[in-house]
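Chemist: Chain by chain, the residues:
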Amino acid sequence: DAGVTQSPTHLIKTRGQQVTLRCSPKSGHDTVSWYQQALGQGPQFIFQYYEEEERQRGNFPDRFSGHQFPNYSSELNVNALLLGDSALYLCASSLSGSNTIYFGEGSWLTVV
Amino acid sequence: QKEVEQDPGPLSVPEGAIVSLNCTYSNSAFQYFMWYRQYSRKGPELLMYTYSSGNKEDGRFTAQVDKSSKYISLFIRDSQPSDSATYLCAMSMGGTSYGKLTFGQGTILTVHP
Chain F
523 DAGVTQSPTH
533 LIKTRGQQVT
543 LRCSPKSGHD
553 TVSWYQQALG
563 QGPQFIFQYY
573 EEEERQRGNF
583 PDRFSGHQFP
593 NYSSELNVNA
603 LLLGDSALYL
613 CASSLSGSNT
623 IYFGEGSWLT
633 VV
Chain Z
38 QKEVEQDPGP
48 LSVPEGAIVS
58 LNCTYSNSAF
68 QYFMWYRQYS
78 RKGPELLMYT
88 YSSGNKEDGR
98 FTAQVDKSSK
108 YISLFIRDSQ
118 PSDSATYLCA
128 MSMGGTSYGK
138 LTFGQGTILT
148 VHP
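Chains F and Z, in that order, are what the protein sequence lines are. Going by this note's numbering, the first sequence opens with residue 523, and the numbers climb by one from there. Going by this note's numbering, the second sequence opens with residue 38, and the numbers climb by one from there.
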């Protein structure tokens with residue numbers, strides 16, 4: 523049973539560029555959430571997708587957007603990258619209504 | 038003030054010691070409590086999940102919740118070098134906020150042989 527898979531694992535972007543990160547949830551899960559984890563900090567909730575709609579959103583600017591596909595996989599897009607966007611981006615999946623949440627290994631984004 | 042406070046440590050203990058990790062929170066709406074373990078440069082791994090005050094045991098791990106004091110703990114018995122990692126507490130309000138976790142900063146634990 524594959525867990526939560528994310529791609530790419532590492533990437534380097536330049537300030538002002540745009541980035542797309544991808545996530546496939548754990549088999550059977552229909553809800554995908556995205557988190558940002560800065561070095562030395564706990565993960566911070568960005569947003570959550572269910573039935574292809576954004577259901578909840580954390581305190582992140584509109585530069586952060588996402589999408590969920592009919593197969594429940596998801597993308598996180600970040601526009602106009604800032605140096606402060608450098609972080610580990612984590613995808614988490616769960617079944618709707620459950621707080622049993624599983625994380626992927628993350629995508630390391632470095633903005634230079 | 039952060040909603041969830043966790044001492045970042047670092048905490049260093051000898052193998053076999055009992056480890057106590059703690060978090061406090063300010064929002065009484067939190068109803069569900071988790072502990073995650075995160076190895077260096079990896080994603081968080083769910084260790085314990087509980088939603089009621091009291092203790093929950095799983096092998097060498099015991100999670101304790103005191104909702105009246107807004108305080109949660111994770112105890113690790115007979116600690117092993119393989120337990121060396123960052124431990125994150127996380128909480129959720131449930132209801133329409135299912136799946137939205139608020140994390141502590143994480144405590145770095147080192148268990149030395």
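Simulated from the structure, these hints should not be mistaken for lab results. Nothing here was measured: the structure is a model prediction, and the numbers come from that model. Worth double-checking, as some hints may not be accurate.
Below are the BS3-like pairs computed for lysine-lysine, each with C-alpha atoms no more than 25 Å apart in a straight line [said to hold, decoys possible]: (1) Z:K107 <-> Z:K93; (2) Z:K93 <-> F:K535; (3) Z:K93 <-> Z:K104; (4) Z:K107 <-> Z:K39; (5) F:K548 <-> Z:K39; (6) Z:K104 <-> Z:K39.
Chemist: For every hint, state whether the structure bears it out.
Modeler: Each hint, compared with the structure:
Restraint check for K107 of chain Z and K93 of chain Z: the C-alpha separation of about 17 Å stays at or below 25 Å, so the hint holds. A hinted pair counts as satisfied when its Cα atoms are at most 25 Å apart, and K93 of chain Z with K535 of chain F does not qualify at roughly 44 Å. Taking the CA atoms of K93 of chain Z and K104 of chain Z, the gap is near 14 Å; set against the 25 Å cutoff, the hint holds. Between K107 of chain Z and K39 of chain Z, the direct Cα distance comes to roughly 13 Å. Compliance with the 25 Å bound is thereby established for this hinted pair.
At roughly 31 Å between alpha-carbon atoms, K548 of chain F and K39 of chain Z are farther apart than 25 Å, so this suggested pair is violated. Restraint check for K104 of chain Z and K39 of chain Z: the C-alpha separation of about 17 Å stays at or below 25 Å, so the hint holds.
Taken one by one, the earlier hints fail for this structure at numbers 2 and 5, listed in ascending order.
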